[in-house]
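**Q** Starting from the known structure of chain A, arrange chains B, C, D and E on it as the hints suggest.
Residue numbers (full-length UniProt numbering), protein chains in the order written: chain A, 1 to 104; chain B, 1 to 104; chain C, 1 to 104; chain D, 1 to 104; chain E, 1 to 104.
If you're looking for bench data, these hints aren't it; they were derived computationally from the structure. There could be a bad hint or two in this list.
It does not matter which identical chain is meant; a pair holds if it fits inside one copy or across any two.
Claimed, not checked - With a cut-off of at most 30 Å between alpha-carbon atoms, the simulated DSS-like pairs for lysine-lysine come out as follows: (1) Lys5 with Lys23; (2) Lys5 with Lys36; (3) Lys23 with Lys76; (4) Lys23 with Lys95; (5) Lys36 with Lys23; (6) Lys35 with Lys23; (7) Lys76 with Lys35; (8) Lys5 with Lys35; (9) Lys36 with Lys76.
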Amino acid sequence: MFIAKVTGSVVATQKVGSMTGHKLLVVEPYRLEDKKRASMVSTGRTFIAVDTLGSGEGDYVLVCQGSSARLTPETKELPIDAVVIGIVDSVHIEKRNVYDRNGS
Amino acid sequence: MFIAKVTGSVVATQKVGSMTGHKLLVVEPYRLEDKKRASMVSTGRTFIAVDTLGSGEGDYVLVCQGSSARLTPETKELPIDAVVIGIVDSVHIEKRNVYDRNGS
Amino acid sequence: MFIAKVTGSVVATQKVGSMTGHKLLVVEPYRLEDKKRASMVSTGRTFIAVDTLGSGEGDYVLVCQGSSARLTPETKELPIDAVVIGIVDSVHIEKRNVYDRNGS
Amino acid sequence: MFIAKVTGSVVATQKVGSMTGHKLLVVEPYRLEDKKRASMVSTGRTFIAVDTLGSGEGDYVLVCQGSSARLTPETKELPIDAVVIGIVDSVHIEKRNVYDRNGS
Amino acid sequence: MFIAKVTGSVVATQKVGSMTGHKLLVVEPYRLEDKKRASMVSTGRTFIAVDTLGSGEGDYVLVCQGSSARLTPETKELPIDAVVIGIVDSVHIEKRNVYDRNGS
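Next up, chain A with everything else stripped away, as it sits in the complex:
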């Protein structure tokens, strides 16, 4: 999995029938900043993931890719390759809090 920041959403009216009603989020994968190792920074990539947890813009989320994206109760049998499996509260690296949802 990777940590990503939710930065937006996608609207698609014409789609595969089974995708109706599923929220499509724009998520940008984050990585540890590698000089000071004290914060998370964007990788510059842009992915789209299905969300079933109610996460919103600004949230950091855990994204699962591949066939396992179909292993949540709401996404079985969907033609998707990425799903949000958790909303991140905090990330601890080498005893440091590099991200905290309630202000770091």
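**A** Just chains B, C, D and E now, kept in the frame of chain A:
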């Protein structure tokens, strides 16, 4: 999934039998431009995806990769790893419309 | 899928038993040249794919990766992650013929 | 699989139900330093993997990705794409010990 | 699949039970050198693959990734994402022998 622009198509007469009749699109993955964060730009990569929705050149589409590409009604059991699952109407990032099908 | 040029082949005498008799091609993924957008160029990567269509050196082919590589009649149950699913006749991008098997 | 150093952990209270109770580690993939080829160095990437072996910060672990991440007794049917399958004791490359858990 | 050079091995005592007894090789993916196109060179990446063929340090091997890594008789149901499926005797590219196990 990723957002891609449909920029062309591929013709292949000699192919695996089950692929007969499936439209093969050239799609170029797009990402958020990372300075102004106000538009989508090409990643410079080129993929081929099966389309079942009637999308055409110039459309922005959602592409699903991997085994899940086989989870649409028309692509079950096909030897494919990428399928168009939606035609994008609009992409909203940080309250901004970074793409709108009807002119941005 | 991606478009690749067949540039060679691999010989491996010691192999998993089920792989006996399967042709192993060296394929180099191609992408659209991004300045003039009028030709295909190598990505500089080198992959090995199983071929069941009789493609040969110099051909441009469509390569399917991942579990779907097992979804052709000849590759079921094989320990492979890439297979040729079509021999490319032509690639059209933005109304231009960027590749034609019979001379462009 | 790849070798990664465990450098932290993630807390996520809101998550897919089946993920409750599973430890989420921050792992950074390592590769062989390519000049002297005598040590492992970070690739600069950041992944999240499920751990079932009790590995902790500072450990080097083997990470399996994709659908096979669900093939351990504790991770069957989970929506995950990465799992720790071993804690590395040592890595030998070209007769040299490039990593040893008990001090190199 | 990709061609890789076997350059080492990994020892991991604490591991998922089903992994006991499986040899873990360090493999470095190789690609065609792209100026002269007459030899194979390292991509600088480091992977770990299960070997069931008895390949050893210095050998060039074919590595299969993803779920298909479980499709050899010895690796069924293992939590692995990479397996050696063949030991390379020779690689021919554009009529040239770019690798030969018995000296090139």
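**Q** With reference to the structure, classify each hint as holding or not holding.
**A** Against the structure, the hints come out as follows:
1. Lys5 with Lys23: both (16 Å within a copy, 21 Å between copies)
2. Lys5 with Lys36: both (20 Å within a copy, 17 Å between copies)
3. Lys23 with Lys76: Both, since 15 Å and 24 Å are each at most 30 Å.
4. Lys23 with Lys95: between (35 Å within a copy, 16 Å between copies)
5. Lys36 with Lys23: Between copies only: 25 Å across, 36 Å inside.
6. Lys35 with Lys23: So Lys35 and Lys23 pass the 30 Å test across copies only (27 Å; inside, 36 Å).
7. Lys76 with Lys35: neither (41 Å within a copy, 37 Å between copies)
8. Lys5 with Lys35: Both: 20 Å inside a chain and 17 Å across chains, each within 30 Å.
9. Lys36 with Lys76: neither (41 Å within a copy, 37 Å between copies)
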